[in-house]
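Undergrad: Dock chain S against the given chain Z, drawing on the hints supplied.
Quick note, the sequences are listed as chains Z and S, same order. For what it's worth, our numbering labels the leading residue of the first sequence as 182, then goes sequentially. For what it's worth, our numbering labels the leading residue of the second sequence as 182, then goes sequentially.
What the hints contain is simulated information worked out from the structure, not anything from laboratory work. Be careful, since some hints might not be right.
Stated by the list, open to error - The following label-pair restraints were derived from C-beta to C-beta distances:
hint, chain 1, residue 1, chain 2, residue 2, range
1, Z, P292, S, P188, 53 to 63 Å
2, Z, Y542, S, V186, 33 to 43 Å
3, Z, D434, S, L539, 49 to 59 Å
4, S, Y272, Z, A195, 35 to 45 Å
If you're wondering where the values come from, they're calculated on a predicted model, not measured in any experiment. The C-beta atom is built at its ideal place from N, Cα and C for all residues, glycine as well.
Each chain, written out:
Protein chains: 2
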Amino acid sequence: MSDAVSPLARPFPAMPPIGGVTLRVARAGYKDWGRCDLTYVELAERTTVAGVFTRNVCCSSEVDLGRANIAQGQARALVVNAGNSNAFTGYRGRAAVEAILAQVAAHLGCPPEQVFVSSTGVIGVPLPLDKAQAGLRAVFEAAPCGWEDAANTIGTTDTFAKGASATAMVGDKKVTLAAIIKGSGMIAPDMATMLGYVFTDCAVAPAFLQQLLSAANQSTFSCITVDSDTSTSDTVLAFATGAASNAPLTSFDSPGADAFAAALRDVCLQLAQLVVRDGEGAQKFIAVSVTGAVSDDSARRIGLAVANSPLVKTAIAGEDANWGRVVMAVGKAGEPADRDKLSIGFGGVWAAREGQPLADYDEVPVSAHLKGEEILLEIDLGLGDGRATVWTCDLTHGYISINADYRS
Amino acid sequence: MSDAVSPLARPFPAMPPIGGVTLRVARAGYKDWGRCDLTYVELAERTTVAGVFTRNVCCSSEVDLGRANIAQGQARALVVNAGNSNAFTGYRGRAAVEAILAQVAAHLGCPPEQVFVSSTGVIGVPLPLDKAQAGLRAVFEAAPCGWEDAANTIGTTDTFAKGASATAMVGDKKVTLAAIIKGSGMIAPDMATMLGYVFTDCAVAPAFLQQLLSAANQSTFSCITVDSDTSTSDTVLAFATGAASNAPLTSFDSPGADAFAAALRDVCLQLAQLVVRDGEGAQKFIAVSVTGAVSDDSARRIGLAVANSPLVKTAIAGEDANWGRVVMAVGKAGEPADRDKLSIGFGGVWAAREGQPLADYDEVPVSAHLKGEEILLEIDLGLGDGRATVWTCDLTHGYISINADYRS
Numbered sequence: 182m183s184d185a186v187s188p189l190a191r192p193f194p195a196m197p198p199i200g201g202v203t204l205r206v207a208r209a210g211y212k213d214w215g216r217c218d219l220t221y222v223e224l225a226e227r228t229t230v231a232g233v234f235t236r237n238v239c240c241s242s243e244v245d246l247g248r249a250n251i252a253q254g255q256a257r258a259l260v261v262n263a264g265n266s267n268a269f270t271g272y273r274g275r276a277a278v279e280a281i282l283a284q285v286a287a288h289l290g291c292p293p294e295q296v297f298v299s300s301t302g303v304i305g306v307p308l309p310l311d312k313a314q315a316g317l318r319a320v321f322e323a324a325p326c327g328w329e330d331a332a333n334t335i336g337t338t339d340t341f342a343k344g345a346s347a348t349a350m351v352g353d354k355k356v357t358l359a360a361i362i363k364g365s366g367m368i369a370p371d372m373a374t375m376l377g378y379v380f381t382d383c384a385v386a387p388a389f390l391q392q393l394l395s396a397a398n399q400s401t402f403s404c405i406t407v408d409s410d411t412s413t414s415d416t417v418l419a420f421a422t423g424a425a426s427n428a429p430l431t432s433f434d435s436p437g438a439d440a441f442a443a444a445l446r447d448v449c450l451q452l453a454q455l456v457v458r459d460g461e462g463a464q465k466f467i468a469v470s471v472t473g474a475v476s477d478d479s480a481r482r483i484g485l486a487v488a489n490s491p492l493v494k495t496a497i498a499g500e501d502a503n504w505g506r507v508v509m510a511v512g513k514a515g516e517p518a519d520r521d522k523l524s525i526g527f528g529g530v531w532a533a534r535e536g537q538p539l540a541d542y543d544e545v546p547v548s549a550h551l552k553g554e555e556i557l558l559e560i561d562l563g564l565g566d567g568r569a570t571v572w573t574c575d576l577t578h579g580y581i582s583i584n585a586d587y588r589s
Numbered sequence: 182m183s184d185a186v187s188p189l190a191r192p193f194p195a196m197p198p199i200g201g202v203t204l205r206v207a208r209a210g211y212k213d214w215g216r217c218d219l220t221y222v223e224l225a226e227r228t229t230v231a232g233v234f235t236r237n238v239c240c241s242s243e244v245d246l247g248r249a250n251i252a253q254g255q256a257r258a259l260v261v262n263a264g265n266s267n268a269f270t271g272y273r274g275r276a277a278v279e280a281i282l283a284q285v286a287a288h289l290g291c292p293p294e295q296v297f298v299s300s301t302g303v304i305g306v307p308l309p310l311d312k313a314q315a316g317l318r319a320v321f322e323a324a325p326c327g328w329e330d331a332a333n334t335i336g337t338t339d340t341f342a343k344g345a346s347a348t349a350m351v352g353d354k355k356v357t358l359a360a361i362i363k364g365s366g367m368i369a370p371d372m373a374t375m376l377g378y379v380f381t382d383c384a385v386a387p388a389f390l391q392q393l394l395s396a397a398n399q400s401t402f403s404c405i406t407v408d409s410d411t412s413t414s415d416t417v418l419a420f421a422t423g424a425a426s427n428a429p430l431t432s433f434d435s436p437g438a439d440a441f442a443a444a445l446r447d448v449c450l451q452l453a454q455l456v457v458r459d460g461e462g463a464q465k466f467i468a469v470s471v472t473g474a475v476s477d478d479s480a481r482r483i484g485l486a487v488a489n490s491p492l493v494k495t496a497i498a499g500e501d502a503n504w505g506r507v508v509m510a511v512g513k514a515g516e517p518a519d520r521d522k523l524s525i526g527f528g529g530v531w532a533a534r535e536g537q538p539l540a541d542y543d544e545v546p547v548s549a550h551l552k553g554e555e556i557l558l559e560i561d562l563g564l565g566d567g568r569a570t571v572w573t574c575d576l577t578h579g580y581i582s583i584n585a586d587y588r589s
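The shape of chain Z in the complex, shown without the other chains (with noise of 0.2 Å):
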């Protein structure tokens, strides 16, 4: 974790324990630091996995394998190695994932399949197997920790711990969600890797729960960027233990699936938009607001082009409202849009609608909101009835110094 705190940074909150989920932290010594840097959650039998990950083709091994693992819907335990990606390592890399999943299944007495390692930091360095599993046999003794240990493990160059957490009611029992995400911050010259993870007592068949985080995850976690460049390890997975003793919801004809569903998707946006918060350089989280789109994918992929202009995140950065940029960002997205129909605000005022500047627009509003640190764009397409938000950060002084002024 970074000395240099996001302007934008959240306090950790309190979160709640989850039955059937064990937290411990050790120090692998993936780099030369002295603080802890492998994370294993061990979950009780039966727990069921979801997971989504990135869909960059040069991804790691641990995400081969993870995808792969998914499939059989069971999972015992989590293992995160931060300092070292182990992405582009070849068959070496796959080797120190393959053993870390045999070491775990060994100590708990489980098929390796329902073990699930991920790996964050820099890149084409084969993980160091002996550390790994020096620290597998040292965390296994380690005394249980909370939430906020975890989350900081788990981190690289962030500059601040993120968890979130919600509540249900599934038939007449209260179930709980837990969850924790790395991501965005980078101060040495290493490539970012968005890794999350969601823990519930909730019993959850594993298909449904993949269903409702694959759901979750197209309106949150692929509604942010910070630079768009997509890592090669981004992983998020839910783990559902089944403490809670409810009915396990298998579809969302099952009594309280909409509630846990609504739960799902608040911790995963709420775990997203800590993400943003933590970009590298961030002084302003933005909300790109897309309305009136032919679809809300359409809008969707409008919102990330425009996420996306560096000449949009600098006007941002030098609190301009420069929306011509914003027309410009629009049309270049691939999606249908029709000039004249478009409209473009800010924090509620609208620069220009249909097409043209508003004869009548007043700068002075919009001027104060761009001074804050929390801008919403407003984008009107005027074509249809798609609609999405999208989140981001400014693109500053910052995203230069950390990505290109030291070398690693």
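TA: Structure of chain S alone, referenced to chain Z:
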């Protein structure tokens, strides 16, 4: 033009006159500046024309009308307004362009469809028609000028004037091409626009000229990027006056067509690279060479994904051989790639081969290469014969300063 010239600038070359082309400049006063900002190029009768235009769907009326008028294949004049892009200005913007077409057509006694107009500068402010009309009256009376004056006059926040020329033998006639371009330097936080114009005394049928320009564009202008943001006004036009009195080129079966096509691509490539050399905040000129892709088009898209990656561009700014970021960018391109066949090199030295870091990788020559001003980044996919080269610049504090530090 800015005071701070790009460190990658090139001196303006000696450029020959082209028969049938007369250049004039005047001051319309689109901005409060003491420089010429209106360029008028008169073209001999029977000059043919071809063009390529931005794909941004929020394009300006200049682009709309230019695209429509290219179809009839003839041009008598080009007008370029600097200081106001006239984009996103609705019916008033379109009316201004139509008035300019009418005024020039009346002056020359030609159809308005044979007049081409470009505008570049701030977006969302209707072009002041009174200034345009007075400027045109002045420029009609102005003395002819040379290429460098015209190149300076079409510029906005460019830091140096950009031109290129070439010759080719067509039958027994020597034909000459001369070309100017503006773009990619931004000091005021307005939108950059790339406007390029190629003039030749070669006689070329308009359909064949369009075919050649479109082909040249594919491997030149479509292979450069500064910041991934596609302008609303990008335009490249080619004008062929026929003053060389060669037998008109109508297809690749015409004698000299290959030589002319090569010369046309050569000037387009020179212009495209000059735009990169004037990229916002650029300190290094980067060639991304992609080989072994499944197709040339796939290679180009992979090259652009790498050249647009903020993490790759900041790494090169930091003179850091961070090939892991290149792997990431290849993987996110959405094109066929196999992590375990991928190789990455800098300046002729492989850092990683077939999915793994090289055991005997020597970073010393790579570090020396990265300290230079001209960077070669090599990517081999190991899949097929597809290849492309893409050119870009690094991402530096200069980019942020230009686009965020100064309010409009």
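Undergrad: Are the hints correct? Go through all of them and say.
TA: Verification of the hints:
Taken as a hint, the range 53 to 63 Å holds for the pair P292 (chain Z) and P188 (chain S), whose Cβ atoms sit roughly 59 Å apart. Remark: the range hint 33 to 43 Å for Y542 (chain Z) to V186 (chain S) is upheld by a beta-carbon distance near 36 Å. Between D434 (chain Z) and L539 (chain S), the C-beta spacing of about 56 Å keeps the proposed range 49 to 59 Å intact. Range check, Y272 (chain S) to A195 (chain Z): about 58 Å between beta-carbon atoms, so the 35 to 45 Å window is missed.
Hint 4 alone, counting from the list given before, is not met by this structure.
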